[in-house]
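Peer 1: Each chain, letter by letter, is given below.
Number of protein chains: 2
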Amino acid sequence: MSFLSGLSAFPITPNDRNGRVDTAAVRSLVARLCTARVDSIGLLGSTGTYMYLTREERCRALEAAVEESANRTPIIAGVGALRTDEAVKLAQDAKSIGASAGLLAAVSYAPLTEEEVFEHFSVVAKESGLPIVIYDNPGTTHFRFTPALVGRLANVPGIIAIKNPAEAREETLHHLAELRAIVPADFLLGYSGDGNSTEALIGGGHTWYSVLGGLFPIVCLKIVRAIQQGNISEARRLDADLAPLWQLFKQFSSLRVVYALADMLHIARVEPPLPILPLPPSARRLVEVTFARLPAEVTR
Amino acid sequence: MSFLSGLSAFPITPNDRNGRVDTAAVRSLVARLCTARVDSIGLLGSTGTYMYLTREERCRALEAAVEESANRTPIIAGVGALRTDEAVKLAQDAKSIGASAGLLAAVSYAPLTEEEVFEHFSVVAKESGLPIVIYDNPGTTHFRFTPALVGRLANVPGIIAIKNPAEAREETLHHLAELRAIVPADFLLGYSGDGNSTEALIGGGHTWYSVLGGLFPIVCLKIVRAIQQGNISEARRLDADLAPLWQLFKQFSSLRVVYALADMLHIARVEPPLPILPLPPSARRLVEVTFARLPAEVTR
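Protein chains in written order, with my numbering: chain A, 3 to 302; chain B, 3 to 302.
Honestly, the hints are just simulated from the structure, not real lab data. Please note that a few of the clues may not be correct.
[To be verified] From the structure, some residues in chain A lie toward chain B, with a derived Cβ separation under 10 Å:
1) N20
2) D24
3) D87
Note that the Cβ used here is the ideal one computed from N, Cα and C, for glycine as well.
Just need the whole structure built from these sequences, with the hints factored in.
Peer 2: Here is the structure:
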């Protein structure tokens, strides 16, 4: 099985008001994930606020994570940027620091065409030599990959996998079938969007790129292992236990909720980068109450 | 009449493959606009690819423009950034270099809440002291300002105007009435989206923030002056002459079309920053043919 299968856990990247990364806090989060034995760590994802960090700070975070993991757990590093030359440099940095793959989103300001995205991804893969995971995240990039474009990119040397946005079950299964028909057999099809990912993996997705997994890897691993062992009812039972959290992710965004959780549980005392605000007190109380009511099994 | 009324012309920012601004080309574009006597120049707007340029290069472009204009024409500088602290620094730069106002968009990666945008704009206005124009550009930022939010921001000291996206006539008139009911009388309501802006100004909008005006100021000024003098039929006649261009703007984006026009007319030999690609040959030919068929009056 590829290192990219199973649970890829996406931690936050603690950093201060000036965007300076707290490398000790990064190490502590990475250690937690290595100890839990997640299949990979997705550093500097959207929840890791990569787009709000300079190239220098992204390097500092990644260096700390790679050193802490000490080859225990492969690290996928977010390498997205608005400019192609910047994404190339970030991917080169990630490779030289020791990331196992790069997660590349179609970050846009001016809306991009399919051809532009194809060229962007091809150039980054070619010029960095870093294995690239396509990051399809229309909620932040406002670009949606068609199956045809994924098919073209999946045949570019060095582009090895995709992180799709998981939708409701029927849609995801349909999308998965469309992609399967068009990509090489060893191209990995993974999902993010925690609330819909269990069903995406039950339906045949290879990887869960998980925000909750970055903070609570144990329950997320249990779900993934249950699916891998064919124990679908156990996976669905655990996923149902987490439903109140998925509801909060939808309502306030997973990013804001995990920042609040990390802070209130003293896992990392941080706030998201401005203009993103911490949850207001009323929402924070709701997160607190909801979390306290979850079965102990899921919050370990 | 405020310096922000009338025609605000938005030139491209010629820069090379490494994002290095060609200050001589910036000066030449600015000189062209000053000579035409546009009411203001919108440097580093979306068409000016501000989001693809570093702080240093934005400063170089603005310094060249301010020096070239030599107080002939007020300059509005794009100061948008993903991070609040960066937008503050860019606005401080713009003020110290001599911009008359800053154009601030709700640039986002993680989708922003109304409260976050309110805080972002308030902090930039307060900490820079630069008069701020709200840049409502959902096509690039994916944030849409509600009239209620505009009303709150219009009462923040230093926030003086808004650049709205012009829609079809009826929608724009409705939106304009909603805004009028909620903002102070001296808060300026302007529009961008060249194809719909003539009707927005006829309907009472104060300012046309124009992409075409950055390249062909004369015909755009004729339209604005006709409206200001009550000659609505003349404004509509000129606007109708430009309809084939507006169609190309819709089809290929105004940014890509003006880059192609600037290049093919030898006004500035440039390409947009990657990943944005120059128009493919077939589209470029269409732009060429369309442009050649426009009445001479509009392409001077």
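Peer 1: Could you run down the list of hints and mark each one as holding or not?
Peer 2: Verification of the hints:
Contact between N20/A and chain B, as hinted, is supported at the beta carbon level, the nearest pair being about 7 Å apart and thus within 10 Å. With 10 Å as the threshold, the beta carbon of D24/A stays out of range of chain B, its nearest partner Cβ sitting at about 17 Å, so the hint is violated. Hint status for D87/A relative to chain B: holds, with the closest Cβ pair at about 7 Å, below 10 Å.
Of the hints listed earlier, the one the structure fails to meet is number 2.
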